[in-house]
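Participant: For the protein sequence lines, the chains are A and B, in the order given.
Under our numbering, the first residue of the first sequence is numbered 3, with each subsequent residue one higher.
Under our numbering, the first residue of the second sequence is numbered 40, with each subsequent residue one higher.
It should be emphasised that the hints constitute simulated quantities derived from the structure, not laboratory data.
Please note that the accuracy of each hint is not assured.
[Said to hold, decoys possible] Pairwise CB distance ranges, derived in the manner of DEER restraints:
(1) A:SER65 with B:THR199: 39 to 47 Å
(2) A:LEU76 with B:ASN113: 48 to 56 Å
(3) A:SER65 with B:ARG188: 19 to 27 Å
(4) B:LEU70 with A:LYS45: 52 to 60 Å
[Claimed, not checked] One side of the interface only, derived from the structure: several residues of chain A facing chain B at Cβ under 7 Å:
(5) SER4
(6) HIS5
(7) TYR33
(8) SER65
[What the hints assert, rightly or not] Covered by chain B, according to a simulated footprint, are these stretches of chain A (three or more residues, beta-carbon under 8 Å):
(9) 14 to 27
(10) 84 to 93
Note that beta-carbon positions come from the ideal geometry of N, C-alpha and C, so glycine has one too.
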Amino acid sequence: MSHFMLLLHENPEMWKSASPEEMQKAIEKYYAWTKLPIVVDSKRLAAEPGKVLRSSGGQTHLSDGPYSETKEVLGGYYTIEAADYQEAIARAMGHPHLEYGGTIEVRETWKPS
Amino acid sequence: METVLTETAAPALEHLFRRQAGRMVSHFTRLLGPAYLNLAEDAVQEAMLRALQTWQFAGMPENAVAWLYRTAHNVAIDAIRRNRLFDEKSEGIVAALYRSAATSPTDPDCDEQLRDDELRMIILCCHPALTRSASVALSLKTVGGFSVREIARAFLADETAIAQRLVRAKRQIRESPLNFEMPRAAELQDRLLSVLDVIYFMFNEGYSAHEGKDLIRTDLCMEALRLGRLVASSSMSTPTADALVALIALQAARLRARVDDVGDLVQLESQDRSLWDQKLISMGFHYFDRSMTGDQISEYHVQAAIAATHARALNGRLADWPSILRLYDQLFAINPSPIVVLNRAVAMSKAEGPAAALAAIEGLDRESKLGGYHLLLAVRGHFLEELGRHPEAAACFRAALECPCSEPEQRFLWRKLRGLIGPPPL
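Turn these sequences into a full structure, and let the hints guide you.
Facilitator: And the structure:
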């Protein structure tokens with residue numbers, strides 16, 4: 003078994019027209035996903051933009067995020083177990099984030115062979 | 040996979056967000072004033088969004104309601120300070136928000152205040168300056184916690200049309216906020232009648248638009264019942280309000296039995312009565328008894344009595360049709376509308392036979408707006424069929440099919456037509 007990270011990117015606009023009922027349903031669906039046996043770890047990232055450290059010419063610069071031009075922000079991540087990419091992707095397909103218009107980046111964590 | 044998860048959710052949490060949204064919007068509208076309805080809605084939406092972002096990973100906490108309530112207060116206070124709203128009144132309003140944030144929404148006193156806020160909100164939404172359809176949409180959006188999309192789906196209406204209706208209504212409120220303050224005691228009884236009218240209309244919208252099995256329409260009916268009970272349990276209640284709740288509960292009890300598994304309509308006499316909701320039936324009878332305390336008989340009283348007579352029958356054929364016919368006579372005396380004439384004729388066909396019933400609707404197509412109404416033609420066709428006048432009956436069902444009607448209704452009419460003329464040639 004390998005470990006895969008599912009990085010949940012979201013557009014803050016995607017919940018704008020959601021009804022209270024839909025938001026509650028979404029919480030229930032997302033939360034149910036964190037309880038799946040394949041999930042090793044899951045974390046929500048705090049809503050603030052975060053900090054970025056950059057080094058150049060021997061100097062380290064600290065700045066506030068965001069660090070990309072896109073409107074999408076990294077909202078949280080999961081670590082899941084899967085045999086290979088194919089399985090990891092098949093699992094990620096069932097994540098409610100996609101249903102609500104979010105983006106999921108799937109990355110395998112490296113391990114020495 | 041998804042259904043399993045939602046079914047295991049504790050029943051107390053069902054519609055939790057929707058209910059709380061309605062309560063909180065009502066609450067903030069009282070504290071901020073009707074002109075700031077948008078701010079109230081935005082604060083609540085933002086609190087729910089923050090809850091969503093937190094609880095999607097952590098799960099819903101036990102004190103979810105208190106969390107939402109406190110967060111929405113903070114959002115509102117921040118918005119007032121940031122945008123410098125309310126000028127010199129600002130500090131007073133912020134202080135009131137702090138006081139209200141310090142109470143727990145589940146505390147009995149606070150709970151009572153919140154119920155009262157909901158009541159004020161529905162009274163505001165049913166202001167006579169607003170059209171009835173605007174009142175229904177606004178009630179659902181604010182005190183009901185429904186979204187524009189959900190309201191549009193329930194009404195089988197266009198989303199933009201509903202959104203515009205809401206924008207117009209809110210503009211009216213904003214432009215003359217004083218008119219939208221609570222009515223004085225003397226005017227309260229008049230307002231109660233428009234509130235009941237709006238609730239009844241809301242229920243009928245959900246009840247009569249029976250295309251498919253979209254749950255949102257059941258939700259709409261249940262919201263009408265909830266608002267009706269809210270009003271009926273308040274100090275402004277009258278036996279007429281009780282009668283309306285009785286009527287709604289007794290009719291809502293049949294919601295599940297009215298459409299079969301493939302989405303076809305099931306007529307009252309063929310309904311599987313084990314599907315009738317017994318809890319709603321006893322609730323209906325409870326309110327029906329309460330409605331009998333006054334000396335006034337409203338249209339809701341008579342309609343509730345008709346629904347109660349149906350509910351008492353063990354099956355459709357055993358219904359006490361002569362009593363039902365007498366009740367329709369009474370209803371006609373209060374409201375001599377063509378729809379009542381049509382419904383009365385159906386009762387008459389059961390009590391006195393199709394010939395009398397056919398005579399009762401004679402001329403209705405010419406004298407009223409029911410001319411191109413599919414149900415009038417369908418009912419007429421049904422009477423003619425019972426009289427053995429099959430070609431005329433078939434002509435009626437054909438004409439009914441030409442009128443606008445829902446898909447299940449069309450299938451129903453086709454079945455009737457095929458029963459008369461046989462299957463279509465291959």
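Participant: Would you list, in rising numerical order, the hints stated earlier that this structure does not obey?
Facilitator: Hints 2, 3, 4, 5, 6, 8 and 10 contradicted; others consistent.
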